[in-house]
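S.K.: These protein sequence lines map, in sequence, to chains A and B. Take the first sequence: its position 56, counted from the start at 1, is 55 in numbering that gives the first Met the number 0, and no numbers get skipped. Take the second sequence: its position 44, counted from the start at 1, is 43 in numbering that gives the first Met the number 0, and no numbers get skipped.
Just so you know, the hints here were simulated from the structure itself, not pulled from any lab data. Just so we're clear, the structure is a prediction, and the values are computed from it rather than from any experiment. Do not rely on the hints blindly, as some may be mistaken.
[Unchecked claim] Covered by chain B, per the in silico footprint, the following chain A stretches (three or more residues, Cβ under 8 angstroms):
#	stretch
1	20–30
2	47–58
3	251–263
4	386–392
From the three backbone atoms N, C-alpha and C, an ideal C-beta is built for every residue, glycine too.
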Amino acid sequence: MAVQNEVRAPATNGGRSLFYDPRVRGFVFQAALIVLVVLFVWSAASNAIENLREQNIASGFGFLGTTAGFDISQHLIDYSPTSTYGRAFVVGFLNTLLVAAVGIVLATVLGFLVGIARLSPNWLIARIATAYVEVIRNIPLLLQLLFWYFAVLKALPGPRQSLDFGFGIYLNIRGLFLPNPVFGPGSGLFDVAIVVAIVAVVVLARWARRRQAATGVQFPVFWTSVAMLLGLPLCGLAVAGFPVTFDMPELKGFNFSGGVGLEPEFVALALGLSLYTASFIAEIVRGGINAVSHGQTEAANALGLRGALTLRLVVIPQAMRVIIPPLTNQFLNLTKNSSLAVAIGYPDLVSVFAGTVLNQTGQALEVIFITMLVYLALSLATSAFMNWFNLRMALVER
Amino acid sequence: MKTKLLPWLVGAALIGSIATASADTLADVKAKGFLQCGANTGLIGFGSPDDKGDWKGFDVDYCRAVAAAVFGDATKVKFTPLTAKERFTALQSGEVDVLVRNTTWTLSRDSQMGLIFAGVNYYDGQGFMVRKSLGISSALELSGATVCVQTGTTTELNLADYFRTNGMTFNPVVIEKSDEVVQAYESGRCDAFTTDASGLYAERLKLSNPADHIILPEIISKEPLGPVVRQGDDKWLTIVKWTHYAMLNAEELGVTSKNVDEMKGSQNPDIKRLLGTEGAYGEPMGIGNDWAYNVIKLVGNYGEIFDRNIGPDTPLGISRGLNALWTKGGLQYGMPVR
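Generate coordinates for the entire structure from the input sequences, incorporating the hints supplied.
M.R.: Take a look at the structure:
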């Protein structure tokens, strides 16, 4: 473009008015468009504010500081009915983040497994994976969520007939209850051991790679890492004399108290979202692997690499370039779909903030505006991260 | 309201129809030829479609009564089923002309939401329903219970207040649609289900075995339910308000849908003014002078619609209690027509 302009500029500018200069004209039209858009938004906002005032509907963001007065079942930070609407917003936001993060991890793992299984030479495995994909991705997500919530709920026993799995693990219609480890004094050693183990694993991996590059001798990095990650913290605890006690769930009155509980709403939502999204991810993974030319596999075989190594070292790294951009879309979809939580009573951002708070304050415009902004920011952050990741995974062309 | 075209268009596009809510609801209703009424998504006895798809219920009859007053035809009404969460926005934006959906009259709804209550058609209070098998007889024994509740109701706040005041803990399960709240309660997800007492009686009928559930005696809040309109349209407010009073006055004077034609010949001046045979009380409101006659003839007086929809002879079996006329020890009091 730049070259073209330079060539043309003297020809068009010579003697003619600015009106015919494409650069000036382009600038003027773009500026006019921006002014129009700004005017559009500004007049819309001022009109909305004026009308709200005329109709005597409260406006502004002052409501965020007033007492909420309602309770929320699952909160990752301290929350009580005396907390503010602002805090209720944070509680809902964190719940959305939690279910999105758990959903993304589960969906990715399951999606990769199913995607690879669809390409398996084993007839049965491939057909099961196909059936999974075709059934799950063709049923509306809302129905699946309601199915998991109500069908699964109905099958579980009441609190007094809980399924007892031993070790203080109970399952009933109110959720899954697990013992909560309480770290006593001296367990600082445990934290230190974890940090040491992580550092050691990173150092080991680098050393092993350098050694392999230099000498061609391999080192079992994976299993050594697992052993270190599990073993070192345990050793730390043993040295400190196991200062860990467990807060056991106990049947008290209506339900279990103590321990940690996973609410059925959360389980149903995380399960429904990840199963649904995994079926799409599976197709993306299958497409990505198929996009890698078969010659690559044959070449790897010719070099004497076994099947698993071929997949891990040759096929998947090349498939990733094809997989990551559509994978980002699925992550964004999952995050946005988590707003269906409102149907099954999981206290996410939409349920708590755009639901209860909106209704108690009546400030629909502000509440919906904030909610949209949050989802926008969340989606932009996710795609920014995935773009960065994509750039790293892209083939380095020499 | 601004009338310049650009802001108007943009406002409509950006914020739904808030900018288009007109200040003359009566003219709008007459122009479109029917009343758009915000109703419940399905609360037996108060507002729900029957097996033929006709809307039936106590609140629904209020919508029909307003239509009868405006058009002299109780069928010129369309219903918009609204969840508790959607209802105020639907009214504010002008999607519905009047909201009669067991909605509690509170200060903040009057002062912050641009709404105004036209009266109280049902004095209610919040209660709890539990399974008989739990063996409890008082709401004060509910500490530690899991409670199912619908999103966006005063119920959600009263619940937190009640447990806080009595030093008890609870775990809320908040769901948007009332059907799904009841389903969650029935599946055993919650120990208790809470809503207005009238709603508890209605929802209990939907359970597979209503006799297994009891409604606890505690009423933990005041829930005056009534029709709601937008602020800034006093003419429309007057019509909705006086439709309510006309039905109360009719019951007090013994005028029913069956005897209203005979009553037209009555010499009682109160009845004459009510039925429009003396004076002209409809015209100043912008409707016919026989407005109250139409309401009573086509829909009935307060006692009739109460008995027909929720009274002792219906499956709900609710007694008049606070909703009896003031002459019979209740709170319902019709302002005089004169």
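S.K.: Look at each hint and say if it fits the structure.
M.R.: Structure-based check of all given hints:
| no. | hint | result |
| --- | --- | --- |
| 1 | 20–30 | violated (count 0) |
| 2 | 47–58 | holds (count 9) |
| 3 | 251–263 | holds (count 6) |
| 4 | 386–392 | violated (count 0) |
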